[in-house]
Amino acid sequence: MSDLNSDTKKRLQLEIVPQRLLKPETAQVLLNAILDLDGIVRLFIHGPRLPGTVPYGPAKGTPLTHDARRLIEIEGNTMELMVSVGSIRLEVTDADVKEQVYEICKKLLPFPFEFREGNFMLTRQTVSGYARFGPNQDPLMIGLTDPKGKLKDQVYILKKE
Amino acid sequence: MAYKPQYYPGATSVAVNRRKHMSGDVEKLREIADDDLVMILGHRAPGSDYRSTHPPLAEMGEPECSIRQAVEPTPGAKAGDRVRYVQFVDSMYNGPSVPYVRSYSAAINFRGVDPGTLSGRQVIEARERDMEEVAKFQIETEMFDPALSSLRGATVHGHSLRLQEDGVMFDMLDRARLEQDGIVRMHKDQVGRPIDKKVELGKPMSPQEAAKRTTIFRVDNVAYRSDKEVIEWVHRVFDQRTKYGFKPE
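Chains as they are written, first to last, in this note's numbering: chain E, 1 to 161; chain W, 162 to 410.
None of the hints are false.
No more than 16 angstroms apart at the CA atoms, straight line, and that leaves these computed lysine to aspartate or glutamate pairs for EDC-like:
no., chain 1, residue 1, chain 2, residue 2
1, W, Lys359, W, Glu340
2, E, Lys98, E, Asp36
3, E, Lys23, W, Glu340
4, W, Lys297, W, Asp186
5, E, Lys23, W, Asp335
6, W, Lys359, W, Asp335
7, E, Lys98, E, Asp38
8, W, Lys165, W, Asp186
9, E, Lys98, E, Glu15
10, W, Lys359, W, Asp197
11, E, Lys60, W, Asp335
12, E, Lys23, W, Asp327
Hints in this document: simulated from the structure, not taken from any laboratory.
Kindly produce the complete structure, drawing on both the sequences and the hints.
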């Protein structure tokens, strides 16, 4: 397990936190603009969950239509937004890409946002991740989904290289 | 000189608003029809009778009791209504009220209510028709803003999240939406069941108006520490509460 260190050590990890939760339209435009750049390795979308049914209370199980749970098109792939986009974490190859991402955010976001560099993603497997995915997990996939989640529902591979 | 209650200390706009909410002397900003209110509360069908848990008090033959003679029952208690609830949630981004102030407001201005104060939500339980009266009062006045507060029986976590892009508090169940014409309409009841018609809640306050009417101290609006009198009284309460009962031998 100890030799499963991610090969992403030298890359930069960024976090974009807008002051408001993004509409699906804004999120689509922003994500497409970011993903058009060369040098984006992987990207997470964070935010409050938008379930398909009422999860609890007297109306538990009632089908739920949420205005923000929509299909968006990212780089030609259609995907369903299952969260209201609150923050975006991404891994980029170098500081130039970081600058470009910042410029895109400044141009496209209609309100202030926080933009920071730090360590936001797992660099090695956790014990439960190892138990779930085994010793040969792709280092890029480490930490992309929680061990109980289904990979195919939560991860989209845009560039198959 | 007649006694004049002093509800809350302080001279800042937030302290003044808290006094207004607690005294019940609030400005009426909107109207909500009785049937619409019943629909969004979701406890009974609009136009149907109140269901009861016991016969009207007049028919029950109550025992001889000086307290019962001294206290006039509320209309709901008199009719034997069920106890039902209404639950409000206020955004932390200058929402019009806060759970504590809503509870004070209900307990001071209405009889037969059981306010429950929680960190992000505030529930009022009462006999059904009494509860509807409290709910109507709070929704129609400045204690409510269609964007920054809402009626939520379940899933209240939006109160502490950032606002949506359109300035409306996030709601996982999407009960109320700001529509194209700038009016917020509720299309589900307070627990998330779809209702037959959209209930109009009115236009949201502008951010400046919300900041003026809020009862929340915030560093980016009116900071808690900027109100010297409030701080002095909070210190006094804490001091006396700590010393109370302390009896060194």
